[in-house]
Amino acid sequence: MTPRNGRLGWSDVTPKAHWLNRRQIIGAAAVALSAPGLALPGRARAATYPKSAYSTDAQPTSLEDITNYNNFYEFGLGKEDPARYAGALTVDPWSVKIDGLVDKPGTWDLAEVLNGAPLEERIYRFRCVEAWSMVIPWVGFELSWLLNRVGVQPGAKYVAFETLVRPEEMPGQQTAILDWPYREGLRLDEAMHPLTILATGLYGEEMPKQNGAPIRLVVPWKYGFKSIKSIVRISLVAEEPETTWNQQNSREYGFYSNVNPEVDHPRWSQASERVIGAGLFGGRQDTLMFNGYAEEVASLYAGQDLRKDY
Amino acid sequence: MERLNALARRVPVPVIWGLGLLPLAWLVWLTFTDGLGPDPVKALEHQLGLRSLQFLVAVLCVTPLRWLGLNLLRFRRALGLLAFVYAVLHVLVWAGLDMGLRWDEIARDLVKRWYIVIGMVGFVAMIPLAVTSTNAAIRRMGAARWRSLHRLVYLAAAAGAVHWVVLVKAWPAEPLIYAGAVAGLLAMRWLRARGILPQLARRVWG
Chain A
1 MTPRNGRLGW
11 SDVTPKAHWL
21 NRRQIIGAAA
31 VALSAPGLAL
41 PGRARAATYP
51 KSAYSTDAQP
61 TSLEDITNYN
71 NFYEFGLGKE
81 DPARYAGALT
91 VDPWSVKIDG
101 LVDKPGTWDL
111 AEVLNGAPLE
121 ERIYRFRCVE
131 AWSMVIPWVG
141 FELSWLLNRV
151 GVQPGAKYVA
161 FETLVRPEEM
171 PGQQTAILDW
181 PYREGLRLDE
191 AMHPLTILAT
201 GLYGEEMPKQ
211 NGAPIRLVVP
221 WKYGFKSIKS
231 IVRISLVAEE
241 PETTWNQQNS
251 REYGFYSNVN
261 PEVDHPRWSQ
271 ASERVIGAGL
281 FGGRQDTLMF
291 NGYAEEVASL
301 YAGQDLRKDY
Chain B
1 MERLNALARR
11 VPVPVIWGLG
21 LLPLAWLVWL
31 TFTDGLGPDP
41 VKALEHQLGL
51 RSLQFLVAVL
61 CVTPLRWLGL
71 NLLRFRRALG
81 LLAFVYAVLH
91 VLVWAGLDMG
101 LRWDEIARDL
111 VKRWYIVIGM
121 VGFVAMIPLA
131 VTSTNAAIRR
141 MGAARWRSLH
151 RLVYLAAAAG
161 AVHWVVLVKA
171 WPAEPLIYAG
181 AVAGLLAMRW
191 LRARGILPQL
201 ARRVWG
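Quick note, the sequences are listed as chains A and B, same order. Numbering follows the numbering used here, in which position 137 of the first sequence is assigned residue number 137; successive positions increment by one, without gaps. Numbering follows the numbering used here, in which position 106 of the second sequence is assigned residue number 106; successive positions increment by one, without gaps.
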């Protein structure tokens, strides 16, 4: 890969074979030294993770593109702002408040959240509402695993999520471009679906800060803004929660926001998408219903009018 | 002001062309050195559109500066044509590289998408201005008719600014600043035509 503007890129980092080697040694040492179950919070614990049957075999987007083209308004409006400013974010210590209609509410240290988490590699298509797409090799675990651990009470119908608010480390939050904290939500059946994961890394490494470190949601059949980053709160609730973009402009951003080539954004078409990394002459590809995950998730919306529930 | 005018008289018009095409040369350089970032199409498209709008704003500044005594009229044709060159490239990149010549989608966007309709109105408004930008055209049309035709630049600039405001998510500052600049430059003309601006100026500056 050519370095951009003379900057060092990810490709200039230690060759993969070297660090794989190094990690195996360090990993073995860590296993030998640490008490069982004492995970390193927010750190990738091994270079390779079990592969998942849910992964696409599409070619993943380069790490350089995944980490330099982000919508993360907490760090600014430009796609390059998160890569530029997210370095200042403190992700350790990190705690996640889990509350609402759960058996075991409380504020959990990230290490406790991840304790025993069945991390695996999930290579998912990622479709932004702005009509561009990537393929991202996430490392994460099914959200249902965590929800089952905390015990979802019968009255819970939705899951609400919140991103960290820390304007001193997140310069974008110093202006009221959105109503902070960033909030997102899922219906409980969507949250419990095996495709829905909490991701803690990508490309076998811990999550880059600009991609939502240390822990973020990934819902691959919905537009990217549903996959909330840097989560500090997960609440089980009875009513449909307020979500940030829906509040900002409910006509343009629905609560569901399932990828749907037949339901256009009021201002632009969703029929096709530009593939990041395809280069100048990459053109467009057709957008797939539910971003290609129709077989897995279409049944969740049986009987719903997706033009109304956009 | 006299010294500024004397200086401006000494600058040959091709210098404006040279400076005005520098951003294009830079974009071409970035294109061929992989310098446009992860989404080169969007970057190219945005940069070309932005330059076009900047030159439109520059064109609209010429007359108000003349009211203040600074005469840059000699450069106005070059500035206008530069705005047009960047607009043509912007539209070509949109249709060719961004839309990938998907004509059915392009056609649908041209009737359904407000920001594309508005942008296209602005672009189409610039075509007759570019075509009649020669001295011969001014002679053929007569100064009065030529001048009234060239008021279309107001429409082009307003459409360009609105096009940007309408296409972004939320309310980022930059497109709003450009829209404000265009609105201000147009408002000045309106106020002056009604004789309000000179009154205001007298009140402010005595």
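Just so you know, not all the hints are guaranteed correct.
Distance condition first, Cα-Cα at most 16 Å in a straight line; then the derived EDC-like pairs of lysine to aspartate or glutamate [said to hold, decoys possible]: (1) K42/B to E121/A; (2) K51/A to E205/A; (3) K51/A to E120/A; (4) K42/B to D65/A; (5) K169/B to D179/A; (6) K112/B to E205/A; (7) K169/B to E239/A; (8) K42/B to D98/B; (9) K51/A to D99/A; (10) K112/B to D264/A; (11) K157/A to E112/A; (12) K157/A to E239/A; (13) K308/A to D264/A; (14) K42/B to E130/A; (15) K157/A to D99/A; (16) K97/A to D109/A; (17) K157/A to E80/A; (18) K308/A to E262/A; (19) K112/B to D99/A; (20) K157/A to E252/A; (21) K97/A to E80/A; (22) K308/A to E252/A; (23) K157/A to E120/A; (24) K169/B to E252/A.
Hints were generated in silico from the structure; no laboratory data involved. In this text, all values refer to a predicted model and were calculated from it rather than measured experimentally.
K97/A and D109/A were given as a pair; does the straight-line alpha-carbon distance stay at or below 16 Å? Holds, because 9 Å separates the two Cα atoms, which is no more than 16 Å.
Keeping to a limit of 16 Å between CA atoms, is the pair of K112/B and D99/A held or broken? Judged against 16 Å, a Cα distance of about 44 Å means the pair is violated.
Does E205/A lie within 16 Å of K51/A when you go C-alpha to C-alpha? Satisfied, since the Cα-Cα distance of roughly 15 Å is no more than 16 Å.
Are the Cα positions of K157/A and D99/A separated by 16 Å at most? holds, 14 Å
Holds or violated: are the alpha carbons of K97/A and E80/A at most 16 Å from each other? violated, 30 Å
Holds or violated: K308/A with E252/A, Cα cutoff 16 Å? Holds. K308/A to E252/A sits at ~12 Å (cutoff 16 Å).
Take a quick look at whether K308/A and D264/A sit within 16 Å of each other, Cα to Cα. holds, 12 Å
K42/B paired with D98/B [C-alpha distance capped at 16 Å]: Answer holds: K42/B to D98/B is near 7 Å, not above 16 Å.
Does K157/A pair with E252/A here, judged by a C-alpha cut-off of 16 Å? With Cα atoms ~24 Å apart, K157/A and E252/A exceed 16 Å; violated.
Verify the proposed pairing of K169/B with D179/A, using a straight-line Cα cut of 16 Å. holds, 14 Å
For K112/B and D264/A, compute the direct alpha-carbon distance and say whether it is at most 16 Å. holds, 10 Å
With a cut-off of 16 Å on the C-alpha distance, tell me whether K308/A and E262/A pass. holds, 12 Å
When each numbered hint is compared with the structure, violations occur for hints 1, 6, 7, 9, 11, 17, 19, 20, 21 and 23.
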